[in-house]
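Per UniProt numbering, the very first residue in the sequence shown carries number 1; after that it's consecutive.
Each hint can be trusted.
SDA-like, lysine to any residue: derived pairs with alpha carbons at most 20 Å apart: (1) K9 / E132; (2) K106 / E132; (3) K140 / D22; (4) K145 / R16; (5) K145 / T46.
Derived by calculation from the structure, the hints in this document are not laboratory data.
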Amino acid sequence: MTPTSDFMKIALHRARQAFDQDEVPVGAVLVYQGRILSEVHNLCRTLNDATAHAEILAIRAALPQLGQPFLENCDLYVTLEPCAHCAGAIALMRMRCVYFGAYDPKGGAVDHGARVFEHSLHKPQAMGGILETESAALLKEFFQKHR
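Turn these sequences into a full structure, and let the hints steer you where they fit.
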């Protein structure tokens, strides 16, 4: 086991919690120097807030713990390729790296679509495909259930 897959397993666990709460199953874990600062899942339906994506909630929960306005040297583990909204926030926070599970050819904005990091002043590293099969299967099951 590697720390990367361990953190992604926690994000996947959070995604399953979202699934059980009838939320789009995306989970995120924000890490600083090997220490988890936040672990969350999407809460858009629960909070009636379309901006309550797992990545945004992870950022909001982690910031007070560091006592600074940026998340430099932090890594984010998320089960789905971030959308443009989340990728923009990740870049603005000056994160070091984003690891994600499933690729999102339609809504993703890291390796697909807007490719936000390529056009940002701060360019976090990104690596996709970590526990991709498990992340994609959970999303597929959720959307099949809602059709």
